[in-house]
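Chains as they are written, first to last, in the numbering used here: chain A, 49 to 385; chain B, 8 to 267; chain C, 322 to 625.
Simulated from the structure, these hints should not be mistaken for laboratory data. Treat the numbers as computed from the prediction; the structure is a model and nothing was measured. Glycine is no exception: its CB is placed at the ideal position from the N, C-alpha and C atoms. One or more of the hints may lead you astray.
To be verified - Between beta-carbon pairs, the in silico distance windows are:
no., chain 1, residue 1, chain 2, residue 2, range
1, B, E119, A, M374, 24 to 32 Å
2, A, E281, B, G245, 17 to 25 Å
3, B, G114, A, F366, 37 to 45 Å
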Amino acid sequence: MLLVNGVLLALLLLSMLACALFGPVRLDLSQALQNPFSANPDAEIFFRARLPRVLLGAAIGGGMAVCGVALQALLGNPLACPQMLGVSGGASLGGILGLIFFPHWLLPIAGGLLGEISWAPLAAFVGALISMVLVYRFSLFHGRLHPYHLLLSGVIFNSFIAALIMFLNSIVDFYQAQGLLFWLMGSLSTRAYLTVAFIWGYIVIGFLWLWAKGLSLNLITMGEEAALQLGVETAALQRQVFIASSLMIGAMVSVSGMIGFIGLMIPHVMRLIVGSDHRLLLPASFLAGGIFLCWADTLARIVLAPAELPVGIITAFFGGPFFLYMLYREGRRKFAL
Amino acid sequence: MNPAIQTRELSFSYRDRAVLHQVSFSVESGEMLGMLGPNGSGKTTLLKILSAVLPSHGEVHLKGKRIESYGRRELSRLFAVVQQEPQINFPYTAAEIVLMGRASHHGTLALESQKDLEVARASLALTDSLALADRYLHELSGGEKQRVLIARALAQEPEILLLDEPSAFLDLKHQVQVFELLRRLNRERGLTVVAALHDLNLAALFFPRLMMLREGAIYSDGSPSEVLTEKTIEDVYGIRVRIESNFANGTPQLSICPSL
Amino acid sequence: MSWRAKITTIWFLLLHLVALGASVPSVRAAAARGPKRIVSLAPSVTETIFALGFGERLVGVTTYCDYPAAAKQLPKIGTFTNPSLEAIVAKRPDLVIGVNSATDPTTAREIERLGLKIRLISQAAVGDILQSIVNIAKLLEASEAGTTLTRNIEAQIEQVKTRVAPAPRRPTLLAVGLRPLVAVGGKNYLDELIYLAGGENIAGGATQPWLNLPDEYIVAKAPQVIIEAGMGSDRGQSARHWRDLQSIPAVRERHVYAYPSDKILRPGPRIGEGLEEIARMIHPECFAQTARADKGTRCEGPRS
Chain A
49 MLLVNGVLLA LLLLSMLACA LFGPVRLDLS QALQNPFSAN PDAEIFFRAR
99 LPRVLLGAAI GGGMAVCGVA LQALLGNPLA CPQMLGVSGG ASLGGILGLI
149 FFPHWLLPIA GGLLGEISWA PLAAFVGALI SMVLVYRFSL FHGRLHPYHL
199 LLSGVIFNSF IAALIMFLNS IVDFYQAQGL LFWLMGSLST RAYLTVAFIW
249 GYIVIGFLWL WAKGLSLNLI TMGEEAALQL GVETAALQRQ VFIASSLMIG
299 AMVSVSGMIG FIGLMIPHVM RLIVGSDHRL LLPASFLAGG IFLCWADTLA
349 RIVLAPAELP VGIITAFFGG PFFLYMLYRE GRRKFAL
Chain B
8 MNPAIQTREL SFSYRDRAVL HQVSFSVESG EMLGMLGPNG SGKTTLLKIL
58 SAVLPSHGEV HLKGKRIESY GRRELSRLFA VVQQEPQINF PYTAAEIVLM
108 GRASHHGTLA LESQKDLEVA RASLALTDSL ALADRYLHEL SGGEKQRVLI
158 ARALAQEPEI LLLDEPSAFL DLKHQVQVFE LLRRLNRERG LTVVAALHDL
208 NLAALFFPRL MMLREGAIYS DGSPSEVLTE KTIEDVYGIR VRIESNFANG
258 TPQLSICPSL
Chain C
322 MSWRAKITTI WFLLLHLVAL GASVPSVRAA AARGPKRIVS LAPSVTETIF
372 ALGFGERLVG VTTYCDYPAA AKQLPKIGTF TNPSLEAIVA KRPDLVIGVN
422 SATDPTTARE IERLGLKIRL ISQAAVGDIL QSIVNIAKLL EASEAGTTLT
472 RNIEAQIEQV KTRVAPAPRR PTLLAVGLRP LVAVGGKNYL DELIYLAGGE
522 NIAGGATQPW LNLPDEYIVA KAPQVIIEAG MGSDRGQSAR HWRDLQSIPA
572 VRERHVYAYP SDKILRPGPR IGEGLEEIAR MIHPECFAQT ARADKGTRCE
622 GPRS
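Input sequences plus hints: build the corresponding full structure.
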């Protein structure tokens with residue numbers, strides 16, 4: 049366990065460094081390091097333009113992967129992913145509405161001491177919370193959260209949200225449409241260390257909480273009845289995992305828009321490498337997710353330079369075929385083709 | 008001494024369909040009880056209620072205390088269940104699955120201890136599945152899976168073992184093996200065994216006490232020769248049979264009289 | 322001249338003016354040719370039609386058509402990107418004018434199939450914009466007005482070119498959104514306008530007309546002028562956005578400007594004016610009124 053996680057941690061740190069060094073423009077690292085605080089272009093590129101992105105990517109990649117693991121356990125389905133819960137859709141819708149109706153408003157944090165936060169991410173988070181409550185209510189039967197209904201509610205909710213978003217897309221002007229794309233396809237573009245720190249704190253707490261539930265997650269994948277008989281309070285666990293994942297996803301989407309497929313691909317790949325024991329799978333997926341998203345973001349900046357592609361396109365580019373491949377393999381396995 | 012299991016006026020309905028009516032019985036510690044009855048007679052539901060998966064109208068007592076007063080982990084150390092058809096969609100090895108039976112014995116944040124590993128290994132050996140330890144569950148045959156699940160139940164070191172048609176997917180050799188194992192555990196360790204069974208002859212051979220359920224109520228309860236009568240079979244299952252004595256030990260064995 | 326003679330002269334002139342004024346509409350009414358009911362599918366087209374003097378023939382415009390003020394009163398037939406086919410047909414136009422970049426070709430074909438006359442104009446480059454004005458004028462059977470209008474705009478452009486000619490090209494960023502930052506790229510008439518105004522579009526090498534620019538690219542290209550167009554004038558948000566990128570010359574030397582007007586964002590008859598306005602931002606020293614006395618920068622220097 050230590051060995052695998054140690055290797056992954058080292059890879060993550062290396063990746064973060066590498067991604068901060070690579071990009072569409074050349075960077076003179078020595079210049080950057082010599083005068084980090086002066087108005088020095090290399091320093092600004094490294095410390096202000098790239099490093100926050102890389103840090104954010106590690107957090108969000110890890111967070112998405114971990115939520116993917118948790119949700120797959122919760123829904124008993126290795127093809128589940130964070131997008132299915134409906135929370136990310138709600139967050140995007142909230143962000144888009146915030147973008148349309150109050151794009152310029154800012155809320156001072158701690159009386160302006162810690163800077164300001166724009167309304168759009170707040171609206172996104174509120175959207176996430178509302179979706180969470182709605183999907184939860186729709187999936188509640190006899191006071192218990194049924195995985196099957198959760199999946200169904202989430203998917204239907206998402207479709208509905210997608211329709212709403214497309215409607216909004218047809219009535220916004222050109223500038224708002226660009227903002228809309230950000231919410232739908234994601235971007236790690238940020239320079240605010242405060243935001244990055246906040247997200248890191250949030251995600252680490254969520255991750256540690258889920259990791260502590262690792263054994264229970266193992267048991268719940270045995271089936272709900274079996275889990276009950278093996279000593280798990282399944283109703284409580286389902287509720288808690290759902291809420292924890294939703295809160296994490298809501299925060300992540302509020303900051304970086306919808307970045308999909310990480311929660312689907314990374315758990316599956318890591319299962320092949322480290323097995324399905326969640327006590328190992330969770331930290332391994334967290335680190336692997338961070339590595340993946342860092343590199344995806346670097347690709348997003350390089351592929352069509354100088355333009356920056358939304359990072360969700362890169363993850364979808366890898367994720368789509370991956371998903372098809374997984375379905376193919378599942379089919380072969382189940383039907384012995 | 009409190010009976011291991013005792014129920015009083017147990018009733019249960021799925022929506023408007025009543026499944027169990029006022030079922031009252033008790034099982035002493037160390038007994039082996041086989042539950043019989045056609046599909047829909049309520050066997051599985053009864054087992055689910057006994058294993059605290061379903062709530063009930065009526066009372067269920069385990070070792071003298073109401074079942075609701077136990078915590079889940081406590082219950083998990085008290086009894087273990089072997090279900091009929093597990094739906095496990097994730098790749099686990101047989102060893103990992105059996106180790107999960109030890110979950111209620113060690114802390115949620117702790118890893119398995121040496122003892123846990125030993126118990127798991129012993130359980131696999133008991134069910135003749137040690138060779139399957141590193142194979143993935145989805146690669147195993149139905150019978151092999153069943154044996155692994157029994158091993159998991161045994162790894163819980165329960166006092167009571169509840170089984171739902173444990174021989175359903177097993178070939179004859181393994182069916183007999185499982186029942187012989189149950190009998191052995193019952194005699195050597197005093198394990199209380201309650202099983203829902205569909206094979207009447209095997210039930211009669213191995214279980215000293217049988218309980219026949221019909222449409223959610225107990226039709227008869229007693230030794231195999233008391234329960235397995237031609238009249239009972241005809242009333243409950245609706246088919247005619249002939250009861251004969253097993254040549255080895257005198258337990259009733261039935262032969263079906265097909266309508267020609 | 323005696324006072325009587327003066328009054329007579331004045332009355333004489335006034336009468337002539339009145340007669341002339343009164344006769345002009347009738348002259349025009351007698352000579353009214355070309356389409357009488359026009360639907361415009363783009364704000365730039367609406368502005369062009371008004372500029373050519375045929376605003377009163379418009380029977381349908383988009384919800385974004387707000388210049389000149391009279392356009393706001395006109396009936397609306399949908400948005401710039403989503404005009405309503407039914408609304409257009411209901412107006413019984415004898416000419417519909419759309420733009421290549423935005424009007425959906427399927428909608429255009431539908432309109433044609435319904436027997437209406439539709440023309441699409443191209444606005445990809447400054448030359449195209451001027452040509453479109455001429456084309457629209459031709460469709461309105463008022464070619465002279467078209468030529469006059471384009472000549473005026475060309476003159477404005479020439480003036481600006483001359484003014485900024487001696488000054489060195491300044492790397493410029495023209496952004497139309499901050500969050501996310503959407504910049505003008507290549508193959509865009511705005512890129513041309515920047516060039517004409519004496520600037521060098523830092524994203525001009527890109528093939529896309531609009532693109533998201535990562536911050537590192539902007540820092541590396543070190544623009545000396547940043548123009549934030551069409552976003553309303555929340556200077557606070559802009560200041561906060563650029564605050565920690567002081568290595569960018571435009572930020573350090575406070576050459577970040579807001580340009581909320583639509584003049585350059587609509588490829589229409591006001592681009593000449595718009596060009597001058599952005600040239601004043603890029604090369605303030607070349608325009609007498611805005612030359613900063615304290616800087617003492619002269620409008621000249623080696624051409625890069």
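Evaluation of the provided hints:
Here the CB-CB span from B/E119 to A/M374 is close to 30 Å, well matched to the stated 24 to 32 Å. At about 42 Å, the CB distance of A/E281 to B/G245 disagrees with the hint of 17 to 25 Å. Range check, B/G114 to A/F366: Cβ separation about 39 Å, and the 37 to 45 Å hint holds.
When held up to the earlier numbered hints, the structure conflicts with hint 2 and nothing else.
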